[in-house]
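Enquirer: Read off the chains here:
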Amino acid sequence: MDSRLTGPTRFFPRRLALGTAALSLIAASVFSQMTLADDANTTGLAVTPTEVTVGQLHSATGTMAISETGSIQAERLAIDQINASGGILGRQIKIVQEDGASDWPTFAEKARKLLVNDKVATVFGCWTSASRKAVLPVFEKENGLLYYPTFYEGLEQSKNVIYTGQEATQQILASLDWIAKTKGAKTFYLIGSDYIWPRTSMKIARKHIENVLHGTVVGEDYYPLGNTQFGSLINKVKLKKPDVVFAAVVGGSNVAFYKQLKAAGVDSTKQTLLTLSVTEDELLGIGGENMKGFYASMKYFQSLDNPNNKAFVEAFKAKYGKDSVMGDVTQAAYLGPWLWKAAVEKAGSFDVDKVVAASPGIELKTAPEGYVKIHENHHLWSKTRIGEVQADGQFKVVYESELIEPNPFPKGYQ
Amino acid sequence: MNALNKMLGGRQGVVGLLILATLILVVFPLTLDAFRLNMVGKYLTYAFVAVGLVLCWGYGGILSLGQGVFFGLGGYCMAMFLKLEASDPESTKIQSTPGIPDFMDWNQITELPWLWVPFHSFTFTVMAVIVLPVLLALIIGVALFRRRVGDVYFSIVTQAIALILTVLIIGQQGLTGGINGITDLKTLLGWDIRSDSARLLLYFINAGLLFGCILFGKFILNSKLGRLLMAMRDKEERVRFSGYDVAAFKVFVYCVAACFSAIGGAMFALQVGFMSPSFVGIVPSIEMVIFAAVGGRMSLLGAVYGSLLVNYGKTYFSESFPELWLYLMGGLFIAVVMYFPNGLAGLWESHGRKWLSGVTRKPATVIASPAPGITPTPALADKKAASPLEIQP
Amino acid sequence: MTSPTGFQMNKPVLAIEGLTVSFDGFKAVDDLNLYIDRNEVRVVIGPNGAGKTTVLDLICGKTRATGGSIQFKDRELTKMNEYDIVRAGVGRKFQTPSIYDNLSVFENLEMSFPAGRSVFGALFFKRTQAVLERVNQVAADIFLGDLLQQQAGLLSHGQKQWLEIGMLLMQDPELLMLDEPVAGMSVSERAQTADLLNRISQGRSVLVIEHDMEFVKSIAHKVTVLHQGKVLAEGSMESVQNNPKVIEVYLGH
Amino acid sequence: MEWLSEFGAIAAMQGFNGLSVFCVLLLMALGLAIIFGQMGVINMAHGEFLTIGAYTTYMLSTLVQTWCPWMQPYYFFFAIALSFVVAGAIGWVVEWVMISRLYHRPLDTLLATWGLSLVMQQAFRSIFGAREVSANPPEWLMGAVNLTDAIEIPRNGLFVMGLTVLMTGGIFLMLYRTRWGLHVRATVQNRIMSRAVGINTRKVDRMTFALGCGVAGVAGAAFTTIGSTGPTAGSLYIVDTFLVVVFGGAASLFGTIASAFAIAQTQSLSEFFMSGSMAKVLTLSIVILILLMRPQGLFASKVRK
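Protein chains in written order, with our numbering: chain A, 1 to 414; chain B, 415 to 807; chain C, 808 to 1060; chain D, 1061 to 1365.
The set of hints was computed from the structure by calculation and includes no laboratory data. There may be inaccurate statements among the hints.
[Said to hold, decoys possible] Taking lysine to aspartate or glutamate pairs in the EDC-like style, the calculated list, with each CA pair at most 16 Å apart, reads:
id, chain 1, residue 1, chain 2, residue 2
1, B, 600, A, 140
2, C, 869, B, 659
3, A, 292, D, 1199
[To be verified] Here's a subset of chain D near chain A, in silico, CB distances under 7 Å, partners left out:
id, residue
4, 1070
5, 1073
6, 1077
7, 1191
8, 1194
9, 1202
10, 1203
11, 1214
12, 1286
13, 1287
14, 1290
15, 1296
16, 1332
[As the list claims (entries may be wrong)] Label pairs and their calculated CB-CB ranges:
id, chain 1, residue 1, chain 2, residue 2, range
17, D, 1353, C, 831, 51 to 59 Å
18, A, 405, B, 512, 50 to 58 Å
19, B, 727, A, 51, 26 to 34 Å
20, B, 503, A, 83, 42 to 50 Å
For each residue, glycine too, the CB sits at the ideal point set by N, CA and C.
Just chain A, same shape as in the assembly (with noise of 0.2 Å):
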């Protein structure tokens, strides 16, 4: 703010010439990038015969950071080790980085920056469902292609997403039959911070709850997102004294929410608890010690026993520090960039239409998780793990289902 700032006349020209020149610098890289595409790209995307551009969209700032920066990690571990091992059809890949800052138009904002400036051959991003949606449009519209990692609630299929993350049924049903039956769980308590994912979980829940394992569900309820006070909720847990209670709260409530149940004296010896949205990463904040002996459903955990997860977590570690811990999304986020790479070279171009076309069908035989396959419906067959938490933040292992297919849009679930 000093005299050179002397006012919109003078400051908006300065602006506009600096908007121009970069614009034309970015106009002039495109256009020397479209001469030398090949028959890889046809479509005029960002594309060498040494360099291959893609983007990545989450929010490194603003609320969401907390959660988004394990995946922009895992991503670009990922990237770093497809370069070192040569790249995608002999190109290296170059990532241009964009931050949704935790605002969903502005998630749709540099998704449309990303496929219509910078021509990007894919995007990995996004985190919450709420920026999904907002970006879903855009990827549709511009004919973009999106990696997004995060377990998510379904009810959704584009040509233009691939979903790394489990949807709903997935993470939900192999986990309450098996709480039902090694627990004999008949009555069951569902909690979760208020929007969409825990909502239609919840939903997926009871139906399957009331109709499939003919149980009981005694109490049902959601807390706005980042509230602190669960006093009431666990009386109410107590007066009701269910069998399990199945929790999806979220963010900076989930730390509140455990820390609470504890003081409250509710711990595992006292209470079954199974989670949908406890990861290692959410773990860091609500201690270990805090959940101890409560379960959560995930397709991933860090302490998962085979050779690829051994590599994964050495190689995250070596390039993130030891303390880092990899939650299921991270791996997801991770799985982005190998299956886009598998379904390019299957295709032999970079192209959306024929990426997409090559998509199903893709197996990664060296996922951290273990093995996972692209269904016609763009999300991913896998398997569904129950975990123990133990003190130290990690999860124990206790059940292990078979690969189970995706199903978006349930039957009967709806």
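Since chain A is already given, all that's left is putting chains B, C and D on it; use the hints.
Expert: Same frame as chain A, now just chains B, C and D:
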């Protein structure tokens, strides 16, 4: 002609308006690509709120920290209409209940809620965009200003209202789309609003409406009502005991500001293609105050520059230095409030004018600051300079 | 009581009866009775804290009475809004000059012109010939005819006091209430103000609070002495000055 | 019959829960009541001072865990004291650099402190990372006290309650029984006069602001036992806190206590009968409706002006 000239704020006012009009209507469309232009269009929808804030905060002394409520109401009304149009039975035939918005289907709603039914009508929607927010502002305003609620109380109450509405929208997922908002809006009366040509046209409609609001704002400020507002800031008691119903004037500007915000919200839904609760809450509401503060709380045109500049800065810095963005935003807020309470317009007035050579009129030294530490603004200075010539019989 | 004859024949313009106001138990005005006639200039005096300003506050609606009534031209003021009281014909000047510093003298006066008082009235208010004439006339009355374009904040203290009186005159009130109109004025300004008051009291009643005894003498038709929220004495300046009770509480020391 | 006794036990626990929410609200609002009520300053960064307290506790907890684990059971008291000092000291500086220049512009203070809260949030993020962190409360604070077989009272709730009573009492004493309190109250009523009789009003302002921030720091330390600590944790509380103070009638400490109680009980009770989201909407709406009808808040003193 003379009256019109006066309304626009004399020669200086006309020039200022022309410069802004040239920038928005000519320079931006010619130099920016469709993507960036759409972004500018989005920024300009925030400018509606900022212009309204200049009226009710800068001149009326009413700091509303809940303008997002009105922006959101306007936006949701428009989004509901567009969503209904996008949810015709044909394109929603995979749903269990075709013909209702997709998120309702996910929430096991099998019939269009009564609240949504009237939004099939475009006429109703346009009316609702204006009437609903103004009605809400009227209720809040009458309740609070009639009882002489202090400015600070008012700010906090409006903030709480923003919070309530956010929680309500998120909680009533089946009705509102919850935290995801209402997304995937496609056509307006059959016209595809996602195409580049549509966006260009919407940009100009948006800009036209914005200038309409600015002109209306200028009309208010240059009427006796405008002088009354300033008089109220000076000596509210005196105005009251000169036979004026002070509360009615406050309610009026507050409603006008609400109306502007709502128009901005509706245009936002049209240009961005969705609406979500993240524009209703406290944080966006306060950010909109920054736009007005940076531009100059006493300058209608400044508010537009403020909105453009802060949002441009936000986009630029969050792209290049995401870590720095909040420091910068916070720092900007503190600096503007503490050292440049009249924002860009104030700086322009105190430095820009002098710098602009060839300006013959004397610097506005005879005018004392409107508030402690606040330098005079173009609007004030112009009026001072213009009025003496005309009132001599 | 040696009040001038003639005034009592008419019904008083302002009739205050049994007026009481208490703040958390403290009675600032206590069962007050006060009558003001048409064309009368009444001065209220009394020591600090006697409740003088509170009485003005009560009349113009700034403070709500705990009990009693205020009748102005047969209308009960205690139930009315401030602005309705003003519109009924009561004008009030505050103790410290209360003008709009950021507006010109002209605009200050114009603000008080009794037209365009509603929201939309103000929005479409036009500066007609009638307004211009009235402003010019009042400005001349208050010795500011040459300073119309001056910004009000730059006036001298005395001129500000006049300007506020002028703003009241614009409303053409039937009852004009002035709270210490000559406070902070020079001797010559006081004389001018006394002259002004005598001129403007034609056709209206004036209620003045004042400490300056010379000034009071030069304008008052009748003086009321307030003490602890009650009328201690009332009558001509002479009779009041000679009243032993008054001497004791107010003039004596 | 068994059902009845159980219901009684739940009612008792729910009553306690209401009390515990009340204490949390009050503890948050106390600092604000001092700053807003006594000085008329709107500190939108109040939540961030709370977060400072929480982070201070977190740091101390980590240090203790690494260097002297035997301190673990006792460190919490030091943490509370340290939080008070750290938050108070930062408050002192903020008052000096920023607030003191804005006393005549209350709305601008609001905006400037909002800017400050953004800066502070980003600072937390830069220093401590974006992730939520969790201080390790001493073991004796966790778990529940069994009054009867059925009635269990969380210990951290009891602790927060005790702390709240202590802080409230302390502040009452300071404001109404000390010379400093007299100066504060005198300054609130008439700044110019206070200066004239020799009160250093600048110093009084600074100390008052610092005290308010210090109290917020203590609240932050206490909240590590019931919630988590993240860069934006403070902003979650700010609206609730302001409502408590405004609802109570700004200048009245007693009003703050009463309003915290009313809001907490409404919230706690309605949560028992409806979803948490709707309970929140209901509570806030009731508060707003009452404020619309009685804008000066529950307890406002009548003053002759």
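Enquirer: In ascending order, which of the hints set out earlier in this document are inconsistent with the structure?
Expert: Violated: hints 17 and 18.
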